[in-house]
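Visitor: Protein sequences appear in the order of chains A and B.
Residue 1 is where the first sequence starts when you use the working numbering, and the numbers rise one by one after that.
Residue 1 is where the second sequence starts when you use the working numbering, and the numbers rise one by one after that.
Because the hints were derived from the structure by calculation, they are not lab data.
One thing to keep in mind: the hints can contain errors.
Repeated chains share a single entry, so a pair holds when one copy, or any two copies, can fit it.
To be verified - Each computed DSSO-like pair below joins lysine-lysine, with the alpha-carbon atoms no more than 30 Å apart:
#1 Lys8 to Lys278
#2 Lys117 to Lys185
#3 Lys240 to Lys192
#4 Lys253 to Lys300
#5 Lys185 to Lys293
#6 Lys278 to Lys117
#7 Lys117 to Lys257
#8 Lys8 to Lys300
#9 Lys257 to Lys192
#10 Lys300 to Lys41
#11 Lys234 to Lys117
#12 Lys8 to Lys257
#13 Lys41 to Lys117
#14 Lys293 to Lys192
#15 Lys8 to Lys293
#16 Lys192 to Lys278
#17 Lys192 to Lys300
#18 Lys185 to Lys34
#19 Lys117 to Lys293
Spelled out from the first residue to the last, the chains are:
Number of protein chains: 2
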Amino acid sequence: MKPATVPKRIEGVLAPVITPFRRDLSPDPDRFVKHCRWLMKSGCAGLAVFGTNSEANSMAVEEKLELLEALIRGGVPAATLMPGTGHCALTDSVKMTREAVRMGCGGVLMLPPFYYKGVSDEGLFRNFSEVIERTGDERLRLYLYHIPPVSNVAITLDLIERLLTRYPGIVAGAKDSSGDWANTKAMLDRFKDRGFDVFPGSEVFLLDGLRAGAKGCITATGNVNPGPISEVYKSWNTGKAEALQAGITATRKIMQKVPMIPALKAVTAHFANDPGWKTVRPPLTELTPEQEKQVIGELKAAGFSMPGIF
Amino acid sequence: MKPATVPKRIEGVLAPVITPFRRDLSPDPDRFVKHCRWLMKSGCAGLAVFGTNSEANSMAVEEKLELLEALIRGGVPAATLMPGTGHCALTDSVKMTREAVRMGCGGVLMLPPFYYKGVSDEGLFRNFSEVIERTGDERLRLYLYHIPPVSNVAITLDLIERLLTRYPGIVAGAKDSSGDWANTKAMLDRFKDRGFDVFPGSEVFLLDGLRAGAKGCITATGNVNPGPISEVYKSWNTGKAEALQAGITATRKIMQKVPMIPALKAVTAHFANDPGWKTVRPPLTELTPEQEKQVIGELKAAGFSMPGIF
Numbered sequence: 001m002k003p004a005t006v007p008k009r010i011e012g013v014l015a016p017v018i019t020p021f022r023r024d025l026s027p028d029p030d031r032f033v034k035h036c037r038w039l040m041k042s043g044c045a046g047l048a049v050f051g052t053n054s055e056a057n058s059m060a061v062e063e064k065l066e067l068l069e070a071l072i073r074g075g076v077p078a079a080t081l082m083p084g085t086g087h088c089a090l091t092d093s094v095k096m097t098r099e100a101v102r103m104g105c106g107g108v109l110m111l112p113p114f115y116y117k118g119v120s121d122e123g124l125f126r127n128f129s130e131v132i133e134r135t136g137d138e139r140l141r142l143y144l145y146h147i148p149p150v151s152n153v154a155i156t157l158d159l160i161e162r163l164l165t166r167y168p169g170i171v172a173g174a175k176d177s178s179g180d181w182a183n184t185k186a187m188l189d190r191f192k193d194r195g196f197d198v199f200p201g202s203e204v205f206l207l208d209g210l211r212a213g214a215k216g217c218i219t220a221t222g223n224v225n226p227g228p229i230s231e232v233y234k235s236w237n238t239g240k241a242e243a244l245q246a247g248i249t250a251t252r253k254i255m256q257k258v259p260m261i262p263a264l265k266a267v268t269a270h271f272a273n274d275p276g277w278k279t280v281r282p283p284l285t286e287l288t289p290e291q292e293k294q295v296i297g298e299l300k301a302a303g304f305s306m307p308g309i310f
Numbered sequence: 001m002k003p004a005t006v007p008k009r010i011e012g013v014l015a016p017v018i019t020p021f022r023r024d025l026s027p028d029p030d031r032f033v034k035h036c037r038w039l040m041k042s043g044c045a046g047l048a049v050f051g052t053n054s055e056a057n058s059m060a061v062e063e064k065l066e067l068l069e070a071l072i073r074g075g076v077p078a079a080t081l082m083p084g085t086g087h088c089a090l091t092d093s094v095k096m097t098r099e100a101v102r103m104g105c106g107g108v109l110m111l112p113p114f115y116y117k118g119v120s121d122e123g124l125f126r127n128f129s130e131v132i133e134r135t136g137d138e139r140l141r142l143y144l145y146h147i148p149p150v151s152n153v154a155i156t157l158d159l160i161e162r163l164l165t166r167y168p169g170i171v172a173g174a175k176d177s178s179g180d181w182a183n184t185k186a187m188l189d190r191f192k193d194r195g196f197d198v199f200p201g202s203e204v205f206l207l208d209g210l211r212a213g214a215k216g217c218i219t220a221t222g223n224v225n226p227g228p229i230s231e232v233y234k235s236w237n238t239g240k241a242e243a244l245q246a247g248i249t250a251t252r253k254i255m256q257k258v259p260m261i262p263a264l265k266a267v268t269a270h271f272a273n274d275p276g277w278k279t280v281r282p283p284l285t286e287l288t289p290e291q292e293k294q295v296i297g298e299l300k301a302a303g304f305s306m307p308g309i310f
């Protein structure tokens, strides 16, 4: 293990950054860096690049590493980055995790291998354990990514217990995108004194989460609404918290009426006046013109904007 | 598109070849080539390397390409190979498909991108279409891999219709691992005069399949029981077909009592007298000693053997 120079842990609101693609579907580092800089300027404490909303699994490891390099070269501090590095293939997860740590990333957000279903906690423990051991760097801060509605492979509390016991300090927390507050609360309660930082996967649970000990949230709509979401984070123990939470929940509900990833891209395209943002990689498809009109219309009617994006 | 020199289409029994790993979990080309040669000698018409049973998604693209090269260098004719080349990432699928065609493989067996769930036929059409267009080689024979119990993303009959209409000759067939005979039958009936070769994903449906127009089967247990399964294929329109089918179904049922992939490896390890075969990559785990004892005991009691494997 290399000697550790460990940056402060990321706390606050993180966006799982949408990935811009050119017309030929290649990733576009220029648009990517520009969007990331806007997010950091607009209230995000960190960037969970290469998450579900980033279409990360639709990209090869090399494509993601090129974007990560461009981002750091473009001035976004590595310590604020929590790239997704979990793949189905152990060797892909190791390669990407190792590179992320080498570049100084504040953490990595790791999916379980998600092809095989019904796998055991023992098999998942071995997967994460192999990645940690092969990365072999005490600077690694591993956040487990629990998103059973998409991955169909769960990270159970017992698995977290085992990993945290074996790798304290390295296993740093989790993003809970189960959409099940009871699970988030159980995670917070069980590991509250263990240096395990929990981030709900939606701002809908931000205020409840912070009151129960969460360190922030990692949320899709952080891509378009980072300012107001960050305000809830900053004001959670003040009298205006409930009203602010109600505002961001209302925005979320408008977004959720249509498919989230193309919606984030369509909204960004509209407010940045840059139609190129709408492109998604297969198997996703863009919003229909009707869906686009609906979501942008409702957002505008609610007074939504993306200050400084243009 | 390059001028086409198209090998005869693969028909018969194909094994989705199990992948041997060394103790450090790296793929072992020597054991792999040896096993593949045994399979071809023992009745297999072709090898669906890098399928679900191959733990293909637990390997990086480069690891699979190295195994594929070793196999062809080791004397297995490329025209008999139908490697799995479908990944979540479009660019990975393109890379692997292109290489497989360049090496002269008889076909490729392609999973849909399987991270995002609930995607549209339009999104899946675009995925396969991009892979075909970017491969840009008329020698490509693409077999669609329908395995909803694992991928959780289905290849519908309407999607097949659309792909077959747009890419006749290139879209060559499907492996149906739905486990649902009604779906296999519907696939056979709907595309029977369209040059679309259907392979049930289990030998349990082999005889019924052949009677309904299937071209063979691609089955897990083809790894350990290729001779008897091939006998059903050869004898399907004779008086002994039913009895032979009953025999291979009985063997399948013994195997299915325990997790299939580690069972295939444990059985191979036992009959080849090579314990190294038992190693699986996470997230899978080996059989427990009890499971191993059970499956091997029942197979032996049923008179099962792997002639020539040792």
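Visitor: If a hint holds in the structure, say so; if it does not, say that too.
Guide: Structure-based check of each hint:
no. : hint             : verdict
1   : Lys8 to Lys278   : neither (35 Å within a copy, 43 Å between copies)
2   : Lys117 to Lys185 : both (25 Å within a copy, 26 Å between copies)
3   : Lys240 to Lys192 : within (26 Å within a copy, 67 Å between copies)
4   : Lys253 to Lys300 : within (14 Å within a copy, 60 Å between copies)
5   : Lys185 to Lys293 : neither (37 Å within a copy, 43 Å between copies)
6   : Lys278 to Lys117 : between (32 Å within a copy, 20 Å between copies)
7   : Lys117 to Lys257 : both (29 Å within a copy, 17 Å between copies)
8   : Lys8 to Lys300   : neither (38 Å within a copy, 60 Å between copies)
9   : Lys257 to Lys192 : neither (34 Å within a copy, 41 Å between copies)
10  : Lys300 to Lys41  : within (22 Å within a copy, 68 Å between copies)
11  : Lys234 to Lys117 : neither (39 Å within a copy, 35 Å between copies)
12  : Lys8 to Lys257   : neither (37 Å within a copy, 50 Å between copies)
13  : Lys41 to Lys117  : neither (40 Å within a copy, 33 Å between copies)
14  : Lys293 to Lys192 : neither (44 Å within a copy, 43 Å between copies)
15  : Lys8 to Lys293   : neither (42 Å within a copy, 51 Å between copies)
16  : Lys192 to Lys278 : neither (40 Å within a copy, 40 Å between copies)
17  : Lys192 to Lys300 : neither (40 Å within a copy, 53 Å between copies)
18  : Lys185 to Lys34  : neither (35 Å within a copy, 52 Å between copies)
19  : Lys117 to Lys293 : between (38 Å within a copy, 25 Å between copies)
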